[in-house]
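Q: Chain residues, written in single-letter form:
There are 4 protein chains.
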Amino acid sequence: MPMRQITLISTGGTIEKTYDEHAGTLMNRSSVVQEMLRLLRHEDTQINTLQLMQKDSLDLTDADRQRILDAVRLVVGPATDDPITDPNSCRGVIILHGTDTLCETGEWLHQTLIQNAEPNHALTVPVILTGAMRPFEMKRSDALQNLNEAIFAAGLLAPGIYVVAHGNALPFPGPKKDRERGTFIQTNN
Amino acid sequence: MPMRQITLISTGGTIEKTYDEHAGTLMNRSSVVQEMLRLLRHEDTQINTLQLMQKDSLDLTDADRQRILDAVRLVVGPATDDPITDPNSCRGVIILHGTDTLCETGEWLHQTLIQNAEPNHALTVPVILTGAMRPFEMKRSDALQNLNEAIFAAGLLAPGIYVVAHGNALPFPGPKKDRERGTFIQTNN
Amino acid sequence: MPMRQITLISTGGTIEKTYDEHAGTLMNRSSVVQEMLRLLRHEDTQINTLQLMQKDSLDLTDADRQRILDAVRLVVGPATDDPITDPNSCRGVIILHGTDTLCETGEWLHQTLIQNAEPNHALTVPVILTGAMRPFEMKRSDALQNLNEAIFAAGLLAPGIYVVAHGNALPFPGPKKDRERGTFIQTNN
Amino acid sequence: MPMRQITLISTGGTIEKTYDEHAGTLMNRSSVVQEMLRLLRHEDTQINTLQLMQKDSLDLTDADRQRILDAVRLVVGPATDDPITDPNSCRGVIILHGTDTLCETGEWLHQTLIQNAEPNHALTVPVILTGAMRPFEMKRSDALQNLNEAIFAAGLLAPGIYVVAHGNALPFPGPKKDRERGTFIQTNN
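Chains as they are written, first to last, in the working numbering: chain L, 7 to 195; chain V, 7 to 195; chain E, 7 to 195; chain R, 7 to 195.
Among the hints, erroneous ones may be present.
Identical chains blur together in the list; that is why a pair holds if it fits in one copy or across any two.
Said to hold, decoys possible - Straight-line distance between alpha carbons at most 25 Å, and here's what the computed SDA-like set of lysine to any residue pairs gives: (1) 145 <-> 38; (2) 182 <-> 48; (3) 61 <-> 30; (4) 182 <-> 53; (5) 183 <-> 63; (6) 61 <-> 162; (7) 145 <-> 46; (8) 145 <-> 45; (9) 182 <-> 29; (10) 145 <-> 29; (11) 145 <-> 24; (12) 182 <-> 121; (13) 61 <-> 28; (14) 182 <-> 74; (15) 145 <-> 106; (16) 145 <-> 189; (17) 182 <-> 117; (18) 145 <-> 55; (19) 145 <-> 83; (20) 145 <-> 50; (21) 145 <-> 52; (22) 145 <-> 40; (23) 183 <-> 11; (24) 61 <-> 33; (25) 145 <-> 117; (26) 183 <-> 120; (27) 183 <-> 67.
Hints listed in this document are in silico derivations from the structure and should not be mistaken for laboratory results.
Using the sequences and the hints given, assemble the complete structure.
A: This is the structure in structure tokens:
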């Protein structure tokens, strides 16, 4: 079978918070992406990782979001009229992101990469945002589940911007964080 | 959002083997489905469970496979010309199955439910087989990952018969177990 | 074999901190003692639990420490000249305590229950303080290890006040928290 | 604090059984000792490991038991009239052993090293046998608990031969496996 290529961009957020024994608090200090990937078993899939930043998503600036966009464009490659024919080419981008402002980033990526895309520069792969309500380092975290779903979805979804978590794939525009229930919901259907 | 309905039929296999302390061996004795589901977090999804049998898949008889088919038909509901319009209706069937003969069952379900389907009795939901190379009760098992992927896929895939595991969704006919690598591969493309 | 009786008094501390998904922080809100005990396998041992308070040990007041002392005295029972002859009687007291001020509480219990004990009121069981550098709810926590060692030590140690953690049983007076190494050390030998 | 030295001799048994994905069964093939030790946090303790054999204890021969005895003697060092004064010297020996014949090995070590010890060749450290009812590789195994207790006990127990498991330290002669309850019990008191 052809090898699937997925790129995982980590930006921080609850999913990657680790415990600092001296301070006694949870912080975004280093990525736990490699540790999460070791717990999953993927066949015919190569997952590239790009550790872009380590931030609580409430602290993300416009400049940070621009860096995320630049990273997505870098990974997706130069726009082209041709459909992707190389089976080894990029099949999807996953962004690990804090849940508090994940949907703002998702809406902005949708506006920039889809609504306002230049002619003949259509997005050819799915771009999937995901995060977690409990840090990966905690027992009973939803982190590994959501990352697993995002990687699986990268091989199935049509080009577009999505949030994937808790069993659902929700396309932008529309998704919002539901703070009461601790999940994402679709608001436009 | 509408509530997604998924039905999980368990038949046994490595994924559900548990350790018998007296015998010192792994056996199919009781289903671990409920314990697995407690470790996943699903929103807007109702997962019905049907504990059909507890067998090593090498011991499955023709009568056992008929019971599996009967269960799928029961869950999918009476065939109809109308597309499913009730958002609460069944969105997918998952079958937990031993990996050794999973593909035989998949091929047979494909022949019966798709190739030889009576006119106007088309399958309207995906039927997903999954299993594991290591029992759920073992550390570093692929059981929870594969179940998670199967549940996620049940909301995304088109009607058809599939094996979902290790990041891939492979449609029947075609998939085979690759014993060397310990996974499933597609043989017809 | 006679049944061993151990009493576990929980006061809070890092060991019992749980994650609040709304606030995104770790807090002392409810005891995780029962969940920890379910993960251990004890024969011929009955573990009574007393949920005294849920506090970061930096917030413990003199009144809180008095309540801890009262609880220990209640559990140990009325002082007596007779050695314990009832095999079902209390064989040890364990106090789950935040590590930051655990040694202050230990020194004070030592002064009160041993140094200044009234004649004929000698302590007849070990009183063991323990805690954790990482909350039980985190992966790779030392919480279950330390609780396991404390329960085991309760059946072996002579009467006295101890901190038990990371493989060591250190008698008071003397133990201090070593913040650099994240453990307890004996300072008087 | 002085550094404690413990030596861990592994012989196989249920505690070290791992899952063979091709055969679909549990086997004694390689030691899991290093992986277990990584999950525990010990201060001022050096744990040496000696992988002696990988056998189900029902398959142990007299020659195997002689090798275990030789290993214990090697670790304990040459007999001497002097008490151990070097704080870096051996403080205890732990033997990982299948539970089915653990007590036979314990009785024999007791006869050889204690009852029939030559004059002035008294055992100066505790020798602790332990094992597990469920392999370490299974969820909810008692393996890590028992190893943790054995290491902790090695720093506390008087010289002698013991089985340590499930919260108890039982000195030989006397302990037997209770197959009904899945634990060890003392039969001579």
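Q: If a hint holds in the structure, say so; if it does not, say that too.
A: Comparing the hints with the structure gives:
Taking the shortest alpha-carbon separations for residue 145 and residue 38, both the intra-copy value of 14 Å and the inter-copy value of 12 Å come in at or below 25 Å. In this assembly of identical chains, the alpha carbons of residue 182 and residue 48 lie at most 25 Å apart only when taken from different copies (16 Å versus 30 Å within one copy). For the identical chains of this complex, residue 61 and residue 30 are neighbours both inside a copy (18 Å) and across copies (14 Å), given an alpha-carbon limit of 25 Å. Proximity of residue 182 to residue 53 under the C-alpha cut-off of 25 Å is restricted to the inter-copy arrangement: shortest distance 24 Å between copies versus 28 Å within a copy.
For the homomeric pair residue 183 and residue 63, the shortest alpha-carbon distance inside one copy (13 Å) is at most 25 Å, but the shortest distance between copies (35 Å) is not. Taking CA atoms no more than 25 Å apart as the test, residue 61 paired with residue 162 passes in neither setting, with 29 Å inside one copy and 32 Å between copies. In the homo-oligomer, the alpha carbons of residue 145 and residue 46 lie at most 25 Å apart both inside one protomer (16 Å) and across protomers (12 Å), since each shortest distance falls under that limit. Both within a single protomer and between protomers do residue 145 and residue 45 lie at most 25 Å apart by alpha-carbon distance, with minima of 14 Å and 10 Å respectively.
In this assembly of identical chains, the alpha carbons of residue 182 and residue 29 lie at most 25 Å apart only when taken from different copies (18 Å versus 32 Å within one copy). When the C-alpha separation of residue 145 and residue 29 is checked against a cutoff of 25 Å, the pair qualifies both within a copy, at 20 Å, and between copies, at 18 Å. Taking the shortest Cα distances, residue 145 and residue 24 sit within 25 Å of each other both inside one copy (12 Å) and across copies (10 Å). In the homo-oligomer, the alpha carbons of residue 182 and residue 121 lie at most 25 Å apart inside one protomer (19 Å), although the nearest pairing across protomers, at 42 Å, exceeds that limit.
Taking the shortest Cα distances, residue 61 and residue 28 sit within 25 Å of each other both inside one copy (20 Å) and across copies (18 Å). Proximity of residue 182 to residue 74 under the C-alpha cut-off of 25 Å is restricted to the intra-copy arrangement: shortest distance 20 Å within a copy versus 40 Å between copies. Taking the shortest Cα distances, residue 145 and residue 106 sit within 25 Å of each other both inside one copy (21 Å) and across copies (24 Å). Proximity of residue 145 to residue 189 under the C-alpha cut-off of 25 Å is found in both arrangements, the shortest distances being 18 Å within a copy and 23 Å between copies.
In this assembly of identical chains, the alpha carbons of residue 182 and residue 117 lie at most 25 Å apart only when taken from the same copy (16 Å versus 42 Å across copies). For the homomeric pair residue 145 and residue 55, the shortest alpha-carbon distances inside one copy (24 Å) and between copies (23 Å) are both at most 25 Å. In this assembly of identical chains, residue 145 and residue 83 lie within 25 Å of each other by CA distance neither inside one copy nor across copies; the values are 38 Å within and 38 Å between. For the identical chains of this complex, residue 145 and residue 50 are inter-copy neighbours only, at 23 Å across copies versus 29 Å inside a copy, given an alpha-carbon limit of 25 Å.
Proximity of residue 145 to residue 52 under the C-alpha cut-off of 25 Å is restricted to the inter-copy arrangement: shortest distance 24 Å between copies versus 27 Å within a copy. Within a single copy, residue 145 and residue 40 get their C-alpha atoms as close as 18 Å, and across copies as close as 15 Å, so both meet the 25 Å cut-off. In this assembly of identical chains, the alpha carbons of residue 183 and residue 11 lie at most 25 Å apart only when taken from different copies (23 Å versus 29 Å within one copy). For a Cα distance limit of 25 Å, the shortest separation of residue 61 from residue 33 qualifies both inside one copy, at 9 Å, and across copies, at 22 Å.
Taking the shortest Cα distances, residue 145 and residue 117 never come within 25 Å of each other, neither inside one copy (37 Å) nor across copies (39 Å). In the homo-oligomer, the alpha carbons of residue 183 and residue 120 lie at most 25 Å apart inside one protomer (22 Å), although the nearest pairing across protomers, at 40 Å, exceeds that limit. In this assembly of identical chains, residue 183 and residue 67 lie within 25 Å of each other by CA distance solely inside one copy; the values are 19 Å within and 40 Å between copies.
In summary, the numbered hints that this structure violates are 6, 19, 25.
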